[in-house]
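**Q** Chain by chain, the residues run as shown.
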Amino acid sequence: MKMNRDMNNDINNDINNDTFGLYLHIPFCQGKCRYCDFYSVNFEREIVEEYIHFLKEELRIYSSLLNNEKKGKPVMQTVYFGGGTPGLLTARQVAGILELLSRDFTLSPSAEISLEVNPSSLTEDKIRDYRRIGINRLSIGVQSFNDRELSFLGRRHDSREALEKIELASQYFDNYSIDLIYAIPGQTLAEWEKTLKQAVQLSPYHISLYSLQIEKGTPLAAALAAGEFKKTDDALDADMYLLARQVLTANGYEHYEISNFARKGYQSRHNRIYWEFTPYLGVGAGAHSFIAPERFWNHADLFLYMEKLKAGKLPVEERIESSKEEMMAEMVFMGLRLLEGVSLTEFYDLFNVKLNEYYAREIEKLKLQGLISVGDERIRLTEKGLLLGNLVFMEFLP
Amino acid sequence: MKGTTDHIRNFCIIAHIDHGKSTLADRLLEYTGALSEREMKDQVLDKMDLERERGITIKAQPVRLEYKGYELNLIDTPGHVDFAYEVSRSLAACEGALLVVDASQGVEAQTLANIYLALEHDLEIIPVINKIDLPSANPDWVKEQLMDIGIDPDGAILASAKEGIGIEDILDAVIKYIPAPDNTIEKPLRALVFDSFYDSYQGVIAYVRIVDGQVKAGDEIKLMSTNKVYQVDEVGVFKPDMVKTDRLSSGDVGYIIAGIKEVKNCRVGDTITSAANPAAEPLPGYKQIKPMVYSGLYPTDNADYGLLNDALEKLQLNDASLTYEPETSEALGFGYRVGFLGLLHMEIIQERLEREYGLDLVVTAPSVEYLVTLKNGEVLEIENPADFPEPINIEKIEEPYVKAEIFLPDEFVGQAMELCQQNRGEFKDMQYIDESRVKLVYEIPLSELITDFFDNLKSRTRGYATLDYEFIGFKESKLVKLDILINGEPVDALSIIVHADFAEAKGRSLVRRLKNLIPQQMFEVPVQAAIGNKIIARVNIKALRKNVLAKCYGGDVTRKRKLLEKQKEGKKRMKMVGKVEIPQEAFMAVLQRDEDE
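Protein chains in written order, with the working numbering: chain A, 4 to 401; chain B, 83 to 679.
Check the hints yourself; a few may be wrong.
Straight-line alpha carbon distances no greater than 27 Å define the calculated DSS-like cross-link-like pairs of lysine-lysine that follow [said to hold, decoys possible]:
id: 1; chain 1: B; residue 1: LYS396; chain 2: B; residue 2: LYS326
id: 2; chain 1: B; residue 1: LYS346; chain 2: B; residue 2: LYS310
id: 3; chain 1: A; residue 1: LYS219; chain 2: B; residue 2: LYS648
id: 4; chain 1: A; residue 1: LYS327; chain 2: B; residue 2: LYS648
id: 5; chain 1: B; residue 1: LYS633; chain 2: A; residue 2: LYS219
id: 6; chain 1: B; residue 1: LYS269; chain 2: A; residue 2: LYS219
id: 7; chain 1: B; residue 1: LYS304; chain 2: B; residue 2: LYS343
id: 8; chain 1: A; residue 1: LYS59; chain 2: A; residue 2: LYS313
id: 9; chain 1: B; residue 1: LYS269; chain 2: B; residue 2: LYS225
id: 10; chain 1: A; residue 1: LYS368; chain 2: B; residue 2: LYS310
id: 11; chain 1: A; residue 1: LYS219; chain 2: B; residue 2: LYS650
id: 12; chain 1: A; residue 1: LYS234; chain 2: B; residue 2: LYS624
id: 13; chain 1: B; residue 1: LYS650; chain 2: A; residue 2: LYS370
id: 14; chain 1: A; residue 1: LYS370; chain 2: B; residue 2: LYS633
id: 15; chain 1: B; residue 1: LYS597; chain 2: A; residue 2: LYS219
id: 16; chain 1: A; residue 1: LYS387; chain 2: B; residue 2: LYS654
id: 17; chain 1: A; residue 1: LYS219; chain 2: B; residue 2: LYS644
id: 18; chain 1: B; residue 1: LYS644; chain 2: A; residue 2: LYS370
id: 19; chain 1: B; residue 1: LYS654; chain 2: A; residue 2: LYS327
id: 20; chain 1: B; residue 1: LYS633; chain 2: A; residue 2: LYS197
id: 21; chain 1: A; residue 1: LYS357; chain 2: B; residue 2: LYS650
id: 22; chain 1: A; residue 1: LYS316; chain 2: A; residue 2: LYS74
id: 23; chain 1: B; residue 1: LYS653; chain 2: A; residue 2: LYS387
Computed spacing ranges between beta-carbons, pair by pair [stated by the list, open to error]:
id: 24; chain 1: A; residue 1: PHE232; chain 2: B; residue 2: GLN602; range: 46 to 54 Å
id: 25; chain 1: B; residue 1: GLY614; chain 2: A; residue 2: LYS233; range: 34 to 42 Å
id: 26; chain 1: B; residue 1: SER541; chain 2: A; residue 2: HIS56; range: 53 to 61 Å
id: 27; chain 1: A; residue 1: ALA224; chain 2: B; residue 2: SER541; range: 22 to 30 Å
id: 28; chain 1: A; residue 1: GLY220; chain 2: B; residue 2: TYR368; range: 43 to 51 Å
Since the hints were derived computationally from the structure, they do not count as laboratory data.
Predicted, not measured: the structure shown is a model, and the values here were computed from it.
Heads up, the beta-carbon is just placed ideally off N, CA and C, and yes, glycines get one too.
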């Protein structure tokens with residue numbers, strides 16, 4: 004382990020490797036959605052039990068590795084159960100993990116503790132119990148309020164069930180988020196508007212919007228190759244995005260990240276960690292971690308993951324140490340996803356390099372193209388830049 | 083053994099592609115102990131990575147095998163029509179040839195072409211029926227075929243180079259049937275250069291067959307085509323690595339190093355003689371080979387122009403058939419107009435430049451040389467469509483024609499003839515070679531042949547047809563220059579010369595292909611084809627509206643970065659023309675096959 008070690012000498016010690024966001028990956032699903040290319044296995048009670056056992060084991064290892072004699076136990080600012088479908092875990096199972104966290108780590112009293120759920124596996128008992136054991140934020144995978152679209156995506160709920168479960172969740176949670184997918188083949192701008200209006204009417208504190216990506220190896224990719232449907236063209240995709248921006252901001256949501264909208268004070272603190280270049284620890288099969296200057300990730304294969312831990316080893320598949328240039332690029336392209344942009348001061352404090360000087364050529368070009376705007380203190384994407392972010396991000400790669 | 087040549091045999095292997103020539107060469111080396119099995123990489127003689135990957139031979143590689151007290155010099159020859167001249171020089175260095183025929187494929191077009199070439203050089207031919215281990219092998223049928231084409235099949239050796247069957251028989255036959263070279267050591271030196279190689283330490287290494295006389299280190303030699311004189315530093319033989327010897331004398335195959343700085347001063351086919359006691363006549367057959375195909379090579383990044391210059395200079399050291407001259411394109415900046423022997427040669431050079439010199443290149447569509455007679459009587463040789471004069475000043479245009487010989491099974495004759503006609507071919511002759519195989523002869527403009535003719539021919543004949551062609555001269559044609567405008571600006575590097583009757587169809591298909599090749603830009607881009615001021619086709623590439631990673635991937639920043647790197651890599655390989663980014667492939671659009679056609 005090379006943790007808590009000083010970064011390259013020419014990079015200041017300001018990346019605080021003492022407090023973390025914690026991501027826990029729960030790779031179980033009741034079935035695979037047609038667009039999903041994340042690793043998951045079929046939900047089976049015994050395997051889940053065994054997996055949680057090893058997940059805790061992994062946490063214990065990190066707790067002792069990250070324990071600092073002076074500062075004590077590692078501090079967790081946010082905890083995020085992602086998947087897969089973490090909502091398949093019983094409240095008892097989640098509670099067991101949280102107990103371990105509060106014992107072997109320091110859970111900040113204001114910690115945001117999120118859990119992803121799907122409408123189809125959500126019950127009122129479960130919602131109530133999750134709240135009771137300390138989950139304080141739910142992220143609900145709604146994806147659409149249109150039944151044709153939901154069945155196209157291979158989701159296991161319909162719009163009626165989604166509405167019902169959101170209603171239930173809102174009785175116990177103020178802070179919940181819903182995910183929506185757009186640019187679904189066949190979806191019209193009017194249908195998307197209907198879904199958006201329905202979402203606004205429910206008034207969640209947070210909404211994430213994802214343009215449907217057809218990833219290699221998924222059933223959707225096969226169907227596309229077989230000519231079953233046509234991809235949504237990028238012009239309609241763009242119009243849908245702009246429509247969402249308009250509808251949501253008109254209804255009191257702040258557009259704070261390319262794909263995310265929130266009411267004041269309810270941005271996802273955990274996801275901000277990714278965008279703000281702060282460290283996070285990922286545990287569970289396939290989980291990713293960033294403890295500067297290293298990024299590392301676990302075996303995605305569940306059984307390989309458990310086998311490693313069984314042998315008393317960390318289940319890390321690969322670690323890469325980023326160069327200074329790579330880290331600078333990562334900070335910029337992740338940070339630009341936030342609408343507030345990247346702070347020139349924070350960048351300088353971290354790297355001893357002036358962002359606007361180091362990337363002067365790139366910045367000039369992107370400004371001319373109308374993709375970014377540069378202020379005294381921050382650079383950020385313009386509206387056009389939000390749509391064409393990749394053209395901006397790639398400019399900063401070494 | 084000095085003064086006698088009885089123990090020397092010089093031979094080559096001729097074969098249709100894929101009939102197992104390189105594998106056989108490997109086995110011969112292995113069997114005679116020229117290389118231990120451990121040292122063997124597959125196809126040792128194909129030195130360049132490219133050769134090994136493509137399974138073809140580009141340079142002629144010699145090696146000396148020692149067997150039963152004999153010196154057997156094997157000269158491996160290139161096997162592609164682009165390199166026909168090199169092949170003929172290699173054959174001229176030999177007294178005999180192993181004719182390798184695949185036991186299940188039988189005699190093929192190229193086999194025949196090679197046999198004729200070998201007979202032209204009076205070579206003793208030993209037929210080898212290879213791959214007899216295959217279940218589909220039919221040696222008796224192959225023997226009948228050999229008989230039909232006038233080769234005595236009785237001496238044919240049954241072999242499997244892969245399994246090591248028949249190798250000893252082949253070596254014994256080489257000794258028994260191939261004549262020893264004439265012993266003419268007393269005559270003035272005449273050495274045939276059948277290939278040459280540039281080494282950065284020793285300069286040019288000439289691969290030679292000593293025909294008359296002898297040569298040793300310290301001698302003064304003269305290249306007979308240029309009369310340039312050099313002092314010999316070293317002579318030696320190939321085992322297959324170069325091994326220094328005292329001298330080379332008549333009958334020997336080996337190398338000469340004489341401080342020659344450039345391969346173009348020691349061209350394939352030239353004769354080396356003694357400066358002090360020169361031969362009266364050079365060996366016959368020397369030709370200065372002229373390129374057939376020209377295209378523009380431009381660095382994607384203009385800053386790499388110097389690198390490209392150095393790289394071409396170095397490649398030319400090794401490849402005297404490569405010619406280049408600086409040229410400028412309004413669209414592409416500074417580059418070179420490079421002449422090639424053919425399309426394969428062009429591809430090979432492009433790949434070597436990119437691979438060995440790390441260059442990112444834009445290669446423009448290949449063109450031929452046109453003779454343009456102006457109204458004032460002046461005749462221009464034009465290799466670049468962009469240099470075409472205004473139509474109003476042109477009296478006539480002539481283009482190079484080739485005689486194309488197509489060998490194919492008779493069931494595909496109709497298909498092939500249709501293709502030839504579509505490509506402005508003029509039918510000349512059709513002959514049955516045997517009951518089912520046909521030779522078609524057409525005269526076709528070279529420009530048609532260098533686009534997608536061969537690919538089309540292959541696909542129409544399910545791969546059975548083979549093509550051979552030779553330049554026959556220039557003929558007058560009704561040609562026009564087709565210009566392409568991108569975003570309203572003419573892109574000189576995309577101009578092509580086409581026959582007036584086909585111009586509109588060509589223009590339409592070209593803009594359609596370009597639409598598929600040029601990625602969406604941040605604004606709408608019209609692509610037009612024009613003849614003079616007349617627009618004959620137009621398509622629009624819609625503006626790129628959205629391109630951004632949406633998903634979070636659970637903190638998998640590495641995956642995000644890789645996706646961005648891939649996009650960036652794609653962009654790097656594009657050329658900025660005006661405000662539009664154009665990928666390299668677009669400049670070759672004219673060569674691409676259009677699926678809707």
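**Q** Hints first: check each against the structure and report whether it holds.
**A** Against the structure, the hints come out as follows:
no.	hint	result
1	B:LYS396 - B:LYS326	25 Å, holds
2	B:LYS346 - B:LYS310	12 Å, holds
3	A:LYS219 - B:LYS648	15 Å, holds
4	A:LYS327 - B:LYS648	20 Å, holds
5	B:LYS633 - A:LYS219	15 Å, holds
6	B:LYS269 - A:LYS219	72 Å, violated
7	B:LYS304 - B:LYS343	14 Å, holds
8	A:LYS59 - A:LYS313	12 Å, holds
9	B:LYS269 - B:LYS225	42 Å, violated
10	A:LYS368 - B:LYS310	56 Å, violated
11	A:LYS219 - B:LYS650	20 Å, holds
12	A:LYS234 - B:LYS624	16 Å, holds
13	B:LYS650 - A:LYS370	18 Å, holds
14	A:LYS370 - B:LYS633	25 Å, holds
15	B:LYS597 - A:LYS219	25 Å, holds
16	A:LYS387 - B:LYS654	22 Å, holds
17	A:LYS219 - B:LYS644	15 Å, holds
18	B:LYS644 - A:LYS370	24 Å, holds
19	B:LYS654 - A:LYS327	22 Å, holds
20	B:LYS633 - A:LYS197	23 Å, holds
21	A:LYS357 - B:LYS650	23 Å, holds
22	A:LYS316 - A:LYS74	25 Å, holds
23	B:LYS653 - A:LYS387	19 Å, holds
24	A:PHE232 - B:GLN602: 46 to 54 Å	21 Å, violated
25	B:GLY614 - A:LYS233: 34 to 42 Å	39 Å, holds
26	B:SER541 - A:HIS56: 53 to 61 Å	60 Å, holds
27	A:ALA224 - B:SER541: 22 to 30 Å	28 Å, holds
28	A:GLY220 - B:TYR368: 43 to 51 Å	59 Å, violated
The earlier numbered hints that this structure contradicts are 6, 9, 10, 24, 28.
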